Amino acid sequence: DVVMTQSPLSLPVTLGQPASISCRSSQSLVHSDGNTYLNWFQQRPGQSPRRLIYKVSNRDSGVPDRFSGSGSGTDFTLKISRVEADDVGVYYCMQGTHWPRTFGQGTKVEIK
Amino acid sequence: EVQLVESGGGLVQPGGSLRLSCAASGFTFSSESMNWVRQAPGKGLEWVSYINSTSSVIKYADSVKGRFTISRDNAKNSLYLQMNSLRAEDTATYYCARWGYSSGGSSWGQGTPVTVSS
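Taken in sequence, the protein lines are chains R and V. Be aware that the first sequence starts at 18, since it is given in our numbering, and climbs by one per residue. Be aware that the second sequence starts at 395, since it is given in our numbering, and climbs by one per residue.
So here's chain V without its partners, still in its complex pose (with noise of 0.2 Å):
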């Protein structure tokens, strides 16, 4: 079974600095691109960040640019995403997601709560 499990969420102050992270298991994590996707409170999806299979490949939204970083070691199944800077804007639930484009190539996380707030 295809399982994302993201950890790391939580109360912050406007400034300050989160690291999330994502564990993967049940497909070949290390062949894969994956996601960073988040979601305000009561909103839509907006997309966050990419990384590809090997770390060579790296986009950010513009509203991220900067204060974020994707990474991913493929060794532990993980991937992460250091958030630095944080804002009042940046509060949102954080879903790590693949997908990929063949049937069954996508799955999303539970997701992590993210709360900047002083």
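Chain R extracted, bound-state conformation (with noise of 0.2 Å):
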């Protein structure tokens, strides 16, 4: 199986200021068709996970352009330009290229 690994798996934060996850796979994540599928997802406290990013970079309808996703092959990484309070919950990276799929440990984004 891939694994998906985060860090850190804590960050405090403080408001305003810049975060960065890091996500590394055991594998590469380009599938045969080209496309590099990972996701990241936000849970915050009490709801159901939302995805803000797939295929790295691309990001979903409604989300804040504060969130951006990069990388390539084995190495991802999410970034939230300016934290704000709305931000605290847990992060999770996920790949869809193999199979089981499988999600990182989730990284918990706090306030300082």
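Rather than coming from a laboratory, the hints here were simulated on the basis of the structure. Careful, some of the hints might be misleading.
[As the list claims (entries may be wrong)] With a straight-line cut-off of 27 Å between C-alpha atoms, the simulated DSS-like cross-links for lysine-lysine are:
1. R:72 to V:437
2. R:125 to R:72
3. R:96 to V:437
4. R:72 to V:470
5. R:129 to V:437
[As the list claims (entries may be wrong)] Partner residues aside, some chain R positions facing chain V, computed with beta carbon under 10 Å:
6. 54
7. 107
8. 117
Remember, predicted model here, so these are calculated numbers, not experimental data. Every residue gets a Cβ at the ideal spot worked out from N, C-alpha and C, and that includes glycine.
Since each chain comes alone in its own frame, lean on the hints to assemble the complex.
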């Protein structure tokens, strides 16, 4: 199975400051069709997950542009340009290239 | 508005069975692949099963293979998960979810809790 490793697992951030979460996969996530199926999900406290980013860097509709995704191959990053109170929660990367689908352990973002 | 509404969770004894349902609305259910994902209390997300739009491709996590069966009824806009031989480690909130690769192509239900305990 493809292991997705996130870091850090806990991320205290000051409001208005940037934040960055790393996600590394144990195998390349480049699919035979040429796409890289790497998603980022946000789970706010007490809520269901919500996708923010698909195929590495594409923002879902309604996602603020302070969220951005980047990376390639086995190394990916989610960045929040200026953290707001609404961003508190756990962030998961997930690969959709290989079976079984696998999630990272999650990164808990909290306000300092 | 896209909606996924799960039902069927509850308390069951080890070795027992449950059938989860997910009612979909607000999108063309018959055209989309669907997934079940679970989350044990206080833990992260675990993908459980996948079914494509025509039910011709079905996948399972090793942890549930041979015990769980995913199915769908496109005429009823519904997704199902039949869970047999349940174990304590199956205790989790179960979400139905879609994550098509287009903007706005992802939705999750509110989840239904399953507790396996004697």
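Consistency of the hints with the structure:
1. R:72 to V:437: holds, 25 Å
2. R:125 to R:72: Within the cut-off at roughly 22 Å; holds.
3. R:96 to V:437: holds, 23 Å
4. R:72 to V:470: Cα-Cα ~31 Å, so violated.
5. R:129 to V:437: Status holds; Cα separation ~23 Å.
6. 54: holds, 7 Å
7. 107: This interface hint holds because 8 Å falls under the 10 Å limit.
8. 117: holds, 5 Å
Of the numbered hints listed earlier, the single one contradicted by the structure is hint 4.
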